[in-house]
Every structure is written in structure tokens, then in C-alpha cells.
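Visitor: Sequence order for the protein chains is A and B.
Sequential numbering from 1 applies to the first sequence in our numbering.
Sequential numbering from 114 applies to the second sequence in our numbering.
Mixed in with the good hints there might be a few duds.
Covered by chain B, according to a simulated footprint, are these stretches of chain A (three or more residues, beta-carbon under 8 Å) [as the list claims (entries may be wrong)]:
id : region
1  : 14 to 22
2  : 85 to 96
Distance ranges between label pairs, derived from CB positions [what the hints assert, rightly or not]:
id : chain 1 : residue 1 : chain 2 : residue 2 : range
3  : A       : Ala86     : B       : Gln264    : 27 to 33 Å
4  : A       : Ile25     : B       : Leu122    : 14 to 20 Å
5  : B       : Ala206    : A       : Ile10     : 31 to 37 Å
6  : B       : Pro263    : A       : Ala29     : 57 to 63 Å
7  : A       : Leu11     : B       : Gly389    : 39 to 45 Å
8  : A       : Gly49     : B       : Asn115    : 40 to 46 Å
9  : A       : Gly110    : B       : Gln264    : 41 to 47 Å
10 : B       : Met114    : A       : Ala86     : 37 to 43 Å
If you are wondering where the hints come from, they were derived from the structure by calculation, not from laboratory data.
Ideal placement from N, C-alpha and C gives every residue a C-beta, glycine not left out.
Chain by chain, the residues run as shown.
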Amino acid sequence: MGNLLRAGVILAAAVVLVGGIFYLIHYGATSPDYRVFRGEPADLRSVSGIFADAIDLRSRGLIQLGLLLLVATPVARVVFSVFAFARQHDLTYVVLTLIVLAVLIYSLVGWHA
Amino acid sequence: MNTLEFTILTGLSSFVAGFLGSLTGLGGGVVIVPLLTLVFGVDIRYAIGASLVSVIATSSGAAAAYVKEGYSNIRIGMFLEIATTIGALAGAAVAARLPASVIAVIFGLVLIYSAYLSGRPREEKISDDPPDRLATLLRMHGSYPTSQGPQHYRVRAVPTGFGLMFVAGMLSGLLGIGSGAVKVLALDRIMRLPFKVSTTTSNFMIGVTAAASASVYLNRGYIDPGLAMPVMLGVLAGSLLGARVLVRAQTRILRIIFSLVIVLLGVQMIYNGLTGRF
């Protein structure tokens with residue numbers, strides 16, 4: 001379980017770093033503007049859009065993919081806990097863990113947005 | 114200032130925040146939002162998005178080290194995560210409807226309160242009171258390894274702890290922090306878990322809670338890759354280094370200084386929020 005978390009964080013950080021290098025090569029000389037909130041374009045908001053951008057090797061899409069992997073790391077840990085409790089025949093905790101997983105998936109797919 | 118310079122400066126400041134946060138145990142996440150908004154003039158929504166991502170990174174990085182040692186109580190953690198994740202969703206929903214100035218004022222108050230909480234001495238009370246019935250029903254009592262063999266403990270006040278965890282989750286979703294201070298408060302003052310168990314269980318929960326909030330912020334377009342990149346990498350590198358130095362460092366004075374910085378940032382957030390600078 002500890003290794004899963006560590007691997008997830010390392011992988012996410014590596015993808016963010018590679019995307020970040022591309023990003024700085026591309027946009028390094030432009031001037032940043034975070035004073036006014038505009039919100040991200042639609043492709044950087046959804047799981048499918050992020051994957052499409054990352055496959056095209058667009059720098060912002062790559063960073064966003066790394067961030068998505070980072071978000072997925074604790075989610076994966078919860079998925080593994082479902083199996084761990086199931087192996088112990090601990091039905092109560094299988095159900096409790098599935099509730100947590102359902103809330104996480106609900107947040108991620110964005111039906112609420 | 115161009116994007117390259119901005120990235121280097123925010124990355125370095127995040128590194129220092131992560132380093133001090135892990136060295137003092139106060140967490141780097143709490144200073145990221147004030148740092149980005151007050152120093153770099155970033156809109157608070159982008160700042161919260163970037164902060165959340167860094168909270169997941171440090172929590173998962175630190176939790177990886179603890180899970181192996183058998184201190185964290187996965188059952189308690191998982192049960193309470195129902196409260197923290199639903200709270201996080203509620204907090205993120207509220208954040209979308211509140212003006213930035215109100216969020217800034219709440220943020221300031223939470224900063225000051227967490228500095229106060231961390232300044233109080235933690236006392237470990239092993240009580241003889243009867244254990245909570247819900248805790249017994251859900252088989253939450255546990256033990257952790259010590260040099261004299263396993264130390265058993267009983268869990269108390271589960272419903273109150275659950276309620277407080279909902280609040281911790283809401284604050285996390287509203288402000289983009291890990292709310293470790295509130296979680297530890299619930300776990301060791303209310304539910305009376307031993308320190309080692311409460312600290313590691315809280316760390317385990319922070320990542321899952323922040324993942325729920327971060328997903329909502331991502332969908333809403335609050336997470337900007339160009340800003341989150343240096344913040345996440347900086348905080349992660351800083352906190353990993355801090356955890357290595359921690360063993361040898363004399364942290365008492367550092368904790369006091371860092372707490373003072375947090376209080377000052379809190380006052381500034383409240384002032385700027387009230388004077389409409391957000």
C-alpha cells in the first residue's frame with residue numbers, strides 16, 4: 001500500500017516535470033496573468049479532454065495529466081482497500097469503503113459541474 | 114516578470130513552504146494560498162486549486178512512509194473519510210457561491226486558529242471510560258507496535274468525531290487546505306487515539322479528502338497547469354527534504370516562528386478580505 005502511494009506520487013511528479021519543461025520552452029517568455037480569474041478551457045477540465053491534449057503532447061495537457069494521476073493516487077488506494085476488506089470477509093467495511101469510492105468518482109466525473 | 118521567472122519564484126517559495134511545513138508539522142498547504150494571493154497577486158480560486166494539488170502530493174508522500182509501520186488505523190480512517198469526502202464536496206460547492214473576499218476572511222480565521230491549536234501542548238489521555246458502542250460495533254479498537262510489544266487502545270466519541278470530520282472536509286473543499294489541525298483535534302482530543310495513530314491516520318485521510326475537493330476544482334476549471342506545476346513540485350520536494358532533516362533538527366523555535374508567520378498571514382488575509390482587495 002505504501003509502495004502504491006509512493007509510485008503514484010513519483011509517476012505524477014515525473015509527468016508534471018516533463019510537461020513543465022515543455023511548458024517553459026513554449027511559454028517561458030510570455031507574461032503570466034493569474035490576477036483575473038478566467039477559468040480553464042473545457043479541454044483542461046475533463047478527464048477525456050486532458051487525455052486528448054496529453055496524447056497530442058501539448059504541454060499544459062501533459063501537466064494536467066500528471067495532476068490527474070496525482071488525484072488518482074489516493075483513489076487507487078481506496079480501490080485497493082475495497083479488495084483488502086473483501087479478502088478479510090469484512091462486508092461492513094467493504095460497503096463503507098465503496099461509499100467513499102462512490103463520492104470520489106462522483107467528484108471526478110463532474111456531473112455536478 | 115515573465116512566465117519563466119514567475120515559475121522559478123513560485124517554485125522556490127513553495128519549496129520553502131513545504132520544507133518548513135514538514136519540519137514543523139504544521140503542513141505546507143496552509144501558507145500556499147496566502148503566499149500566492151498576497152505576494153504574487155494570484156486570484157484566490159487559482160491559488161486554492163494549486164494548493165489542493167500540493168496537499169495531495171505531500172500527504173501521499175508522507176503516508177507512504179507510515180503505512181508500513183502499522184500505526185494508522187485504516188478502519189477509523191475509512192469510516193471517517195465518508196464524512197470528510199462528503200464535507201469536501203459540500204465545501205467546494207459553497208466555495209463556488211461565495212465571493213472571494215468572504216473566502217479570504219474565513220481563510221484568515223482558520224489560519225489563526227490552526228496556529229493556536231498547534232501551539233497548545235498535546236496531552237495523551239488513556240481514559241477508563243467505557244468505549245463508544247459504535248466503535249465496538251464497527252471494530253475500530255486497535256493496537257500499534259511499541260518496543261514493549263503491541264499497545265492496545267479503545268476509541269471514544271465516534272459520532273462527535275464524525276461530525277468534526279465533516280467540518281474538516283468542508284474547510285478542505287472551501288479553502289484548499291489539508292485541515293490536518295482539525296483532523297488531529299478530532300482524532301486525539303475527541304476520539305482519544307494515541308498520538309502515533311492519530312497523526313498517521315490523519316495523514317492517510319488528508320490525501321483522500323483533498324482528492325475529492327481537487328476533482329471538483331478540476332472540473333470547474335480552477336486548476337491551472339502553469340501555476341499548479343511549480344507549486345506542486347516545490348512543495349513536494351521541500352516536504353520530502355524536511356522529513357529527512359526532521360530527525361536531527363531542533364524544531365521548537367522554528368515552530369514558534371512559523372506559527373507567527375501563519376498568524377500574520379491570517380491577519381493580512383482578513384484585512385485584505387474586509388477592505389475588498391480580493
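Visitor: Against this structure, judge whether each hint is valid.
Guide: Outcome of the hint check:
no., hint, result
1, 14 to 22, "holds (count 4)"
2, 85 to 96, "holds (count 3)"
3, Ala86/A x Gln264/B: 27 to 33 Å, "holds, 29 Å"
4, Ile25/A x Leu122/B: 14 to 20 Å, "holds, 18 Å"
5, Ala206/B x Ile10/A: 31 to 37 Å, "holds, 32 Å"
6, Pro263/B x Ala29/A: 57 to 63 Å, "holds, 60 Å"
7, Leu11/A x Gly389/B: 39 to 45 Å, "holds, 43 Å"
8, Gly49/A x Asn115/B: 40 to 46 Å, "violated, 27 Å"
9, Gly110/A x Gln264/B: 41 to 47 Å, "holds, 44 Å"
10, Met114/B x Ala86/A: 37 to 43 Å, "violated, 53 Å"
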